[in-house]
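Engineer: Sequence:
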Amino acid sequence: MIFQHNQSGTEALNIFLKLNRSGMKPDLFTFSSIFTVCSSLVALDQGEQVHAQTIKSGFLSDIVVATALVNMYNKCGSIEKASKAFVEMSTRTLISWTTMIAGFAQHGRTQQALQLFEDMRIAGVRPNQVTFVSVLSACSHAGMVNEALGYFETMKKDYRIKPVMDHYACLIDMFVRLGRLDEAFALVKKMDFEPNEFIWSTLVAGCRSHGNLDKGFYAAEQLLKLKPKDTETYVMLLNMYISAERWKDVSKVRKMMIEEKLGKLNEWSWICIKDKVHSFKPNDNSHPQSADVQKFIENLIDQVKSLGYKSEERLELTDEDEEATLFSSTSSHSEKLAIGFGLLNTPNAAPIRVIKSISMCRDCHNFVKFVSLLTSREITIRDSKRLHKFVNGKCSCGDFGALL
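FYI, the UniProt record's numbering numbers position 376 of the sequence shown as 376, with every residue one higher than the one before it.
Take these hints with a grain of salt, some might be off.
Said to hold, decoys possible - Simulated crosslink set (DSS-like; lysine-lysine; CA at most 27 Å straight-line):
no., residue 1, residue 2
1, 25, 274
2, 189, 162
3, 385, 229
4, 305, 274
I should point out that these hints are in silico values taken from the structure, not numbers from a laboratory.
Based on the sequences and whatever the hints tell you, model everything.
Structural biologist: Next comes the structure, spelled out in structure tokens:
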């Protein structure tokens with residue numbers, strides 16, 4: 001489970017601290033591993049401390065450690081420091097170039113991603129399948145259709161790389177973002193293999209977002225045929241069917257969830273402050289500061305409403321009656337609690353970094369945009385699907401990251 005992984009990461013950090021206190025010196029493998037741990041926890045402060053240690057030890061000259069450092073800064077939402085670390089690398093491998101291109105793509109820095117790709121080619125480094133996934137992802141974020149299709153052809157003709165599912169997923173994601181659903185579905189038909197769960201989920205979410213329910217229901221039927229193992233996918237389908245009051249489909253999805261032995265969403269968010277990880281779940285009252293955090297969030301909601309924020313309640317099923325619905329308040333969603341805790345316990349200008357175990361809902365995504373504008377804070381949330389970096393009321397995902 002993700003929460004267990006979070007606990008393991010915290011234990012790994014503690015072991016690393018004990019290693020340093022013991023007088024033993026970390027080796028190359030230790031440094032690259034601890035950077036990976038910091039990435040998984042979005043523990044930037046700890047990662048910066050390890051970075052300083054690698055400089056003193058001289059291990060930063062190792063290509064594996066240096067690449068792990070770039071990846072850590074990317075995953076922790078600090079694209080500027082990732083870029084600086086990349087520029088300072090004495091040597092670079094294909095993995096190093098691809099890591100940095102992927103970082104620019106994830107942060108919505110499309111032009112920088114594409115320029116770096118051209119720099120890599122000029123340097124004589126041959127791109128591989130993964131490199132082109134990052135390039136196409138960058139184009140997708142910016143809605144650069146002609147460029148994306150051009151790179152797709154270049155990949156096939158110039159580099160003899162056969163397209164895989166991830167390449168098509170990037171192109172489909174791009175068309176869906178732009179609302180060009182016919183082209184997205186047409187691309188699905190051109191593929192040499194059957195679409196996977198991710199592609200059908202993207203189409204379902206896109207159709208729902210753009211109001212094309214007919215295509216959305218078709219995509220949902222194809223998705224259900226795959227019998228996905230992810231609870232989050234079923235919840236997305238449930239919300240769509242409930243909104244359309246298609247109760248037979250709701251019953252069908254619920255029955256499949258029972259057959260697949262899938263329970264409720266395991267939603268957690270956590271934030272790392274001063275070497276300690278603080279975890280929150282929806283309507284969480286277990287944290288010592290829960291009362292203060294909840295009061296703070298409610299006050300924050302009132303403030304952002306004055307800026308134009310409108311809360312979006314979610315429809316959910318009751319346990320007693322499949323055709324009965326209730327409005328579920330989103331004010332106590334886990335990422336809201338984690339953000340509130342972070343705002344209360346960090347200096348005014350400090351960035352907030354949160355990890356969430358599932359995708360953000362549309363209401364929380366909209367809420368955080370307004371919070372970043374109100375507080376002038378940089379807020380980074382890495383959910384199960386992508387990285388969201390909120391700055392001055394805008395998100396790096398281009399507002400297509402919230403699916404539930």
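Engineer: What hints, given by number in increasing order, does this structure fail?
Structural biologist: 4
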